[in-house]
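In the order they appear, the protein sequences are chains E and H.
Counting with the numbering used here, you get residues 1253 to 1426 for the letters of the first sequence.
Counting with the numbering used here, you get residues 1253 to 1426 for the letters of the second sequence.
Simulated from the structure, these hints should not be mistaken for lab results.
Virtual Cβ for every residue (Gly too), placed ideally from N, Cα, C.
Be aware that a few hints might be false.
Taking lysine-lysine pairs in the BS3-like style, the calculated list, with each CA pair at most 25 Å apart, reads [stated by the list, open to error]:
hint, chain 1, residue 1, chain 2, residue 2
1, H, K1306, E, K1306
2, E, K1411, H, K1332
3, H, K1306, E, K1298
Anything over 12 Å on all C-beta distances counts as not near chain H; from chain E, calculated [as the list claims (entries may be wrong)]:
hint, residue
4, K1269
5, M1276
6, F1278
7, R1279
8, M1285
9, E1301
10, R1307
11, H1315
12, A1334
13, F1341
14, Y1361
15, G1366
16, S1369
17, E1410
Beta-carbon label-pair distances, calculated as ranges [what the hints assert, rightly or not]:
hint, chain 1, residue 1, chain 2, residue 2, range
18, E, V1344, H, I1398, 37 to 47 Å
19, H, K1294, E, K1256, 21 to 31 Å
20, E, E1372, H, K1379, 30 to 40 Å
21, E, E1330, H, E1372, 32 to 42 Å
2 protein chains.
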Amino acid sequence: MMKKGLLIVNTGNGKGKTTAALGMAFRALGHGMRVCVIQFIKGSWKYGELESAKRFSDLLEFHVMGKGFTWKSENIDEDKAAARDAWDFAKVKISSNEFGLVILDELTYLVKFGMVSEEEIMDILCKRPQNLHVVVTGRYAGEQLIANADLVTQMVAEKHPLKNGIKAQKGVEF
Amino acid sequence: MMKKGLLIVNTGNGKGKTTAALGMAFRALGHGMRVCVIQFIKGSWKYGELESAKRFSDLLEFHVMGKGFTWKSENIDEDKAAARDAWDFAKVKISSNEFGLVILDELTYLVKFGMVSEEEIMDILCKRPQNLHVVVTGRYAGEQLIANADLVTQMVAEKHPLKNGIKAQKGVEF
């Protein structure tokens, strides 16, 4: 049976991957959809959006995973266990049938760093409830993810303020 | 004097230009910033985000310009007058010093279709209040706009659901 929910991937080295996912959440919430955001790397959602999210507490769930995912740990087993826990949590949310949109923010790094296999992730994504839209963000989107996605956008940085010596600004925060 | 507010351009043929701008609005609103969105092409902001925007009526102004900008008009003089009115309105908002973020959604088309000159637009953008962030979205970003921007992101479509024969979905709506 054809899925009605789309699998969307925002990848590439530019800005706007998480920001565009945020915009999709904003849009979906306006339709009264229930939205679940799972952040796999601590800190990709920042103060601004967390404050704004409070205005949608009736519809929006926000979960910060990856407490230990600084990717600087010297204990790879601990990192893998934390990644596994995060993914197990995400699986429950994806399969719950409670949401219209699930955002898996920076999920790609779990595959990139060998924490969870792409096969396992794709298996769950392909078996998701048929009306569920899923957005995956992060660099290094894998081949299977791209092959199965309905929409893939590459965000390509042409100019970046940090390269120009301008520091990230509060409220916009690149 | 160095501006603290950034000039940001989301361009390219992919999805996510307006959506990423929406995400920036969501973020800025969370910081309590006042945000003004000016939509130069009718319909680029849709039902979902308009409904969500209502939850920020204390901080967010939303203006739909371009009543006549279907770009299908046979009356080019009428189109030009409407574009001029829209730009004049935007100028007031940009210069007002009332906002932390102004989003000029699909502004690029005014230049592309010869409605307003790039020189005039850049003059106003470069003279904006120094703490004001401006986001310009749309395909065909002009050379001067790119040259003066602090951040330019090209959204590049790798896969698009319409190309795969899947219709746009309510709540996500590409």
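Quick rundown of the hints versus the structure:
no., hint, result
1, H:K1306 to E:K1306, "14 Å, holds"
2, E:K1411 to H:K1332, "31 Å, violated"
3, H:K1306 to E:K1298, "22 Å, holds"
4, K1269, "8 Å, violated"
5, M1276, "6 Å, violated"
6, F1278, "5 Å, violated"
7, R1279, "4 Å, violated"
8, M1285, "5 Å, violated"
9, E1301, "5 Å, violated"
10, R1307, "5 Å, violated"
11, H1315, "17 Å, holds"
12, A1334, "27 Å, holds"
13, F1341, "23 Å, holds"
14, Y1361, "19 Å, holds"
15, G1366, "24 Å, holds"
16, S1369, "23 Å, holds"
17, E1410, "4 Å, violated"
18, E:V1344 to H:I1398: 37 to 47 Å, "45 Å, holds"
19, H:K1294 to E:K1256: 21 to 31 Å, "27 Å, holds"
20, E:E1372 to H:K1379: 30 to 40 Å, "54 Å, violated"
21, E:E1330 to H:E1372: 32 to 42 Å, "58 Å, violated"
In summary, the numbered hints that this structure violates are 2, 4, 5, 6, 7, 8, 9, 10, 17, 20 and 21.
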